[in-house]
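What follows is the residue order along each chain.
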Amino acid sequence: MNTKDLKKLGGGRESDRLAEVAASAVAAAAAEHGLLDVALGAFESPVGELLLAVTPRGLAYVAFEEEERDELLKRFSRLLSPRILEHAASTDEVRRQLDEYFAGERTSFELKLDRRLIRGIARDVLAATARVPFGRTTTYGALAERIGRPRASRAVGNALGSNPIPIVVPCHRVLRTGGDVGGYAGGPSRKRRLLTLEGSLPAARPR
Amino acid sequence: MELPPFSEFLEEHRGTVYRFLMAAVGPHEADDCFQDTFVAALRAYPRLTDASRLDRWILRIASRKAIDHHRAAGRRAIPSDELPERPAVPNGQPEFDGDLRAAVSSLPPKQRVAVVHRHVLDRSYADVAEALGISEEAARANVYHGVKKLRELMA
Numbered sequence: 001m002n003t004k005d006l007k008k009l010g011g012g013r014e015s016d017r018l019a020e021v022a023a024s025a026v027a028a029a030a031a032e033h034g035l036l037d038v039a040l041g042a043f044e045s046p047v048g049e050l051l052l053a054v055t056p057r058g059l060a061y062v063a064f065e066e067e068e069r070d071e072l073l074k075r076f077s078r079l080l081s082p083r084i085l086e087h088a089a090s091t092d093e094v095r096r097q098l099d100e101y102f103a104g105e106r107t108s109f110e111l112k113l114d115r116r117l118i119r120g121i122a123r124d125v126l127a128a129t130a131r132v133p134f135g136r137t138t139t140y141g142a143l144a145e146r147i148g149r150p151r152a153s154r155a156v157g158n159a160l161g162s163n164p165i166p167i168v169v170p171c172h173r174v175l176r177t178g179g180d181v182g183g184y185a186g187g188p189s190r191k192r193r194l195l196t197l198e199g200s201l202p203a204a205r206p207r
Numbered sequence: 208m209e210l211p212p213f214s215e216f217l218e219e220h221r222g223t224v225y226r227f228l229m230a231a232v233g234p235h236e237a238d239d240c241f242q243d244t245f246v247a248a249l250r251a252y253p254r255l256t257d258a259s260r261l262d263r264w265i266l267r268i269a270s271r272k273a274i275d276h277h278r279a280a281g282r283r284a285i286p287s288d289e290l291p292e293r294p295a296v297p298n299g300q301p302e303f304d305g306d307l308r309a310a311v312s313s314l315p316p317k318q319r320v321a322v323v324h325r326h327v328l329d330r331s332y333a334d335v336a337e338a339l340g341i342s343e344e345a346a347r348a349n350v351y352h353g354v355k356k357l358r359e360l361m362a
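Chains A and B are the protein sequences, given in the same order.
Mapping the first sequence onto the numbering used here, position 117 (from 1) lands on 117, and the numbers just tick up by one.
For the numbering used here, add 207 to where a residue sits in the second sequence, where the first one is 1.
Extracted from the complex, chain B is given alone in its bound form (with noise of 0.2 angstroms):
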């Protein structure tokens, strides 16, 4: 299979990576892990040999980019004992989801991102294990704690 123009590939998968990110990064932070995710993707672009299942690799990527700039964020973070702080609320969205985004982020960023790929975007825990560089048990691990405290946060 040959590989697509990159305008081509960047236009069939901005919509998919940019709702994961919102969802995994937040609205704040969706779009520079947004422009870092494509610019790698076009880096690493022409040495592609397998042009099936694009959608899995800028997820993969994307989902890299997702856990590092946690990890970038934490070290940022002023230490503190208060709960996360909730995003602005963009336009008049309930409440809920304010408190629902503070707790999805509060949550270890595998964890996160393998709840985002399977409840945001619906994928399989196969897929969810090949976003992750882990095992499919592993993956089911990651998405069934995630969800468990996400209840506790939210009951």
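One chain only, chain A, in its complex shape (with noise of 0.2 angstroms):
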């Protein structure tokens, strides 16, 4: 016997296959036993796939297609906790509403938030923004008014930008004084897109 020929016995890449389907089975394991503190899940929607990640607390963050995945988990990692995997079953209840919401089936969700990723006067701002019922919008500067800052409405818009749970905690709702949609983390067409479906802008926009 030659010890070279031990190597075979590590499978080679049919091991590399296996591994791939025993490590997507981990997680189910994970969330069994309690281990489980951040799941990821995709969701197919109308304005793009949705990175979705849920904790024991709640939804803690939507991201649109572009955001970077690695940037995004590392931040998981540090601010929430490094158990994190990808574990769709955990996030099914989001998924189901936000299906519902797409179909014009469902006009508030029903969620448990996790807000640990909103800091500071961020707070304040969604928290008021929650507030704003489907088919309404409001303006930045009234949003300011709201929480008692008149005058911070650039941090208000600040604040919105910075949502990490987007359609959601509805900040596409906020729009700039005089009609104009303004800005929105995942770009000006997804707002008017959500908007559109909510019956707040016309179906069909003139230009």
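Calculated from the structure, these hints are not laboratory results.
Any given hint could be a false lead.
Unchecked claim - Simulated crosslink set (PhoX-like; lysine-lysine; CA at most 20 angstroms straight-line):
1) A:112 with B:317
2) A:8 with B:355
3) A:7 with B:355
4) A:7 with B:317
5) B:356 with A:8
6) B:356 with B:317
7) B:317 with B:355
8) B:355 with A:74
9) A:74 with B:356
Stated by the list, open to error - Per label pair, the in silico range of CB-to-CB distance:
10) A:151 with B:263: 55 to 65 angstroms
11) A:105 with B:255: 38 to 48 angstroms
12) A:5 with B:348: 16 to 26 angstroms
13) B:258 with A:196: 43 to 53 angstroms
14) A:48 with B:254: 52 to 62 angstroms
15) A:66 with B:218: 33 to 43 angstroms
Keep in mind it's a predicted model, so treat the numbers as computed, not measured.
Yeah, the Cβ is synthetic: ideal placement off N, Cα and C, and Gly gets one too.
From the two separate chains plus the hints, produce the assembled complex.
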């Protein structure tokens, strides 16, 4: 026997394939043992693929597809927990409600939210934003007034831009005074798309 | 050094761990040991203070699982005079692999794990020692005696 023969017992490329399958089962075992602190799941939506991050406290993050995944995961690791795995089943309830929302069957979300990624003034701004109902809009100025900082509409804009839970916390319902849709972390065209879906903008917009 | 997200860590090391277990406990038990290894790792993960050489850390856990597994299997086994049963050959590999696998699984657990680290994963004796929590001389001795026994069995 040559010791080189032993190498074959490792299974070679076949082990890579089996390892991938086995690795995908780790998340379910982790969830069962209560060791999954951040579960990731994807959702195909009319505004592109969304990445959802759900913790035992609730929905913590909704990412649009342009967001750099590695950077996001590093941020979750630092600010939430490094126990992060893909586990679509943990995001099922969020996906179900998003499905209903995009199908026009749901006008408000009933989800627990994990607000740990919301810092500073954004806490107040996004709490006020969450109270703007489906089909209605407000303005940066009005929101600034509502949180008792009437001269802080720029800070309000920044806070909305940093919203970690877009769509569910409806920062797309906050517009510039005068009717311009204003900025959006996911880009103005997504904002228009969401506003159209909610009937706040006409379906065919003249340009 | 910052601890990577567990998903990244799993992706990076899953192949090596699987190869190790495939050789150390065989194809029928590799999946169970793999789950046990990574669930144990996940449990301890946030408390890790040193994010360097995570490969050594996960292989130390896998080694422990492979040895524990062998002990548990030993308790379950029905005593027999026969040689260890040849595992079913899944996709028509030559007979030789089955014989070699049976020979490896007949080694005492420490020798077996030491031989796998050294000759399947090509790790240094220092790494073998670290994985098993033994001295480097003891690691060399385990590999040496393991290989010697395999040569006898395969002669």
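Checked hints:
no.: 1; hint: A:112 with B:317; result: violated, 49 angstroms
no.: 2; hint: A:8 with B:355; result: holds, 18 angstroms
no.: 3; hint: A:7 with B:355; result: holds, 16 angstroms
no.: 4; hint: A:7 with B:317; result: holds, 18 angstroms
no.: 5; hint: B:356 with A:8; result: holds, 18 angstroms
no.: 6; hint: B:356 with B:317; result: holds, 13 angstroms
no.: 7; hint: B:317 with B:355; result: holds, 14 angstroms
no.: 8; hint: B:355 with A:74; result: violated, 47 angstroms
no.: 9; hint: A:74 with B:356; result: violated, 47 angstroms
no.: 10; hint: A:151 with B:263: 55 to 65 angstroms; result: holds, 56 angstroms
no.: 11; hint: A:105 with B:255: 38 to 48 angstroms; result: holds, 45 angstroms
no.: 12; hint: A:5 with B:348: 16 to 26 angstroms; result: holds, 22 angstroms
no.: 13; hint: B:258 with A:196: 43 to 53 angstroms; result: holds, 46 angstroms
no.: 14; hint: A:48 with B:254: 52 to 62 angstroms; result: violated, 37 angstroms
no.: 15; hint: A:66 with B:218: 33 to 43 angstroms; result: violated, 22 angstroms
Consistency with the previously given hints fails for numbers 1, 8, 9, 14, 15, ordered from lowest to highest.
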